[in-house]
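Under numbering that gives the first Met the number 0, think of the first position of the sequence shown as 0, with each following residue one higher.
Bear in mind the hints are in silico, worked out from the structure with no lab data behind them.
Honestly, I wouldn't trust all of these hints.
[Stated by the list, open to error] The calculated SDA-like cross-link candidates involving lysine to any residue, where the alpha carbons are at most 25 Å apart (straight line), are:
1. Lys253 x Leu122
2. Lys317 x Ala207
3. Lys404 x Ala314
4. Lys201 x Ile165
5. Lys174 x Asp90
6. Lys354 x Ile402
7. Lys354 x Ile337
8. Lys231 x His286
9. Lys404 x Ser441
10. Lys444 x Asn283
11. Lys231 x Arg347
12. Lys231 x Glu302
13. Lys174 x Asp151
14. Lys201 x Asn283
15. Lys404 x Ala437
16. Lys338 x Gln315
17. Lys253 x Lys338
18. Lys317 x Gln109
19. Lys435 x Glu393
20. Lys317 x Asp306
21. Lys404 x Asp90
22. Lys317 x Gln257
23. Lys338 x Asp70
24. Lys259 x Ala208
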Amino acid sequence: MTAETPDALAAFENDWRGRFRGRALCVARPGSTAEVAAVVRACAQARAQGLNISIVPQGGNTGLVMGSTPDDSGLQVVLSLQRMNRVRGLDAANMTITVEAGCILQNVQQAARDAGFWFPLSLAAEGSCTIGGNLGTNAGGTQVLRFGNTRDLCLGLEVVTAQGEILEGLTGLRKDNTGYDLRHLMIGSEGTLGIITAATMKLVPVPAASLTAWAALPSLEAASEFLGLAQKKLASSLTGFEVMGQFALSLVVKHFPQQKMPLWPGSSQDAPYSVVLEVSDAENEQHARAMLEALMEQALESEIISDAVISENIAQAKALWHIRESIPLAQAQEGLNIKHDISLPVSRIAAFCEKTDAMLREAHPGVRLLNFGHLGDGNLHYNVQCPEGANAKEFLRDHESQINKIVYDSVLSFGGSISAEHGVGSLKRDELPHYKSAVALSMMKSIKQALDPQGLLNPGRVI
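With the sequences and hints as input, model every part of the structure.
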């Protein structure tokens, strides 16, 4: 095991969004599950002796809710899983892969491809986020429509408990009805109940063909209608359906002019929204293209979409997805912003945006609203950029709380959630009691007390 010197701590102490810098007591970098357990036992013993230290598990440190960044007390041990990055095994007959928590998502995808399979979890940060962090936050991404969140891809976990014991549950079983499913308790708990050290994940067959299309739409209502038509026409072949507002795309054009925007300038420049969708077909490319062309023809005839383009090759498909994945980076280039990772019933997203847009513009004239996200599963990234020319840091300082209240109150009124895939961390912790059932919070606190009575693991996050 290695430990970092003070000069090397910065990479582990900084929030990915650049909004907070913590101060760690030290960074422990174990190379095995046994070493993780030893760190936890040592910290638990120190805490039992009256030292107010705690542990912050950390993967790729790409989270957006400050859930893996130490606070500024100087008393938290950052436990980095980055050295635990091995693929432990791949069972082709069982269609599973067992990987350590520090495996970068992109490397898991590659290991699956090398064996002739597909690991269908896909995120913009897949080149740096880790599978342990994906599980800790129950990450979503662009394939949730077809394959579900990270939770739905996990069959088994290895976890170090708050007492330094090892829960050995790396089963590849799809059926195991022998009591409480501790795996699902740990997934999405953001390191507050245990430290995930390895996981057994599902694999799926590589599709015979994959095609990507881009369509311009007149409204969010049309986007929802287009989604319903695509689901009807493509069924399980529809593996991605992402919506992007015009302002979001304009930032990509502004900050990454080297990227070639489809239908821009042109019909989509006047279209408030665009959609990128993916078809993964089990037969062949000819069959996939025929289905996709039939969908686009019907959508155009019905005036659901105003224009469309279908990728001709892999390079074009990657370029289309790269535009979608560049939106968060373009927004960061534009300056500090207020992010909202929300989920709503698909049927209510358009009405939510119409109402909430109006409330925000009335409260803060000139505010710029950036919408994009996974329309196929009801997850919208509803972000707020300060007015043109305003000081972003001052705008956030003076108005973030009020803007959050407007957005979150509206989310609640439409039957949604204030966190779809990013988690709660410390950023949304104080908001949770206002938007979560009191009964649910009481049960969560009871579980935390039962599994981590010392409050050793990631205190101040989630609850």
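The hints, checked one at a time:
| no. | hint | verdict |
| --- | --- | --- |
| 1 | Lys253 x Leu122 | holds (23 Å) |
| 2 | Lys317 x Ala207 | holds (17 Å) |
| 3 | Lys404 x Ala314 | violated (42 Å) |
| 4 | Lys201 x Ile165 | holds (22 Å) |
| 5 | Lys174 x Asp90 | holds (17 Å) |
| 6 | Lys354 x Ile402 | holds (14 Å) |
| 7 | Lys354 x Ile337 | holds (18 Å) |
| 8 | Lys231 x His286 | holds (16 Å) |
| 9 | Lys404 x Ser441 | holds (23 Å) |
| 10 | Lys444 x Asn283 | violated (51 Å) |
| 11 | Lys231 x Arg347 | holds (19 Å) |
| 12 | Lys231 x Glu302 | holds (17 Å) |
| 13 | Lys174 x Asp151 | holds (13 Å) |
| 14 | Lys201 x Asn283 | holds (23 Å) |
| 15 | Lys404 x Ala437 | holds (19 Å) |
| 16 | Lys338 x Gln315 | violated (29 Å) |
| 17 | Lys253 x Lys338 | holds (20 Å) |
| 18 | Lys317 x Gln109 | holds (16 Å) |
| 19 | Lys435 x Glu393 | violated (30 Å) |
| 20 | Lys317 x Asp306 | holds (20 Å) |
| 21 | Lys404 x Asp90 | violated (48 Å) |
| 22 | Lys317 x Gln257 | holds (14 Å) |
| 23 | Lys338 x Asp70 | holds (21 Å) |
| 24 | Lys259 x Ala208 | holds (24 Å) |
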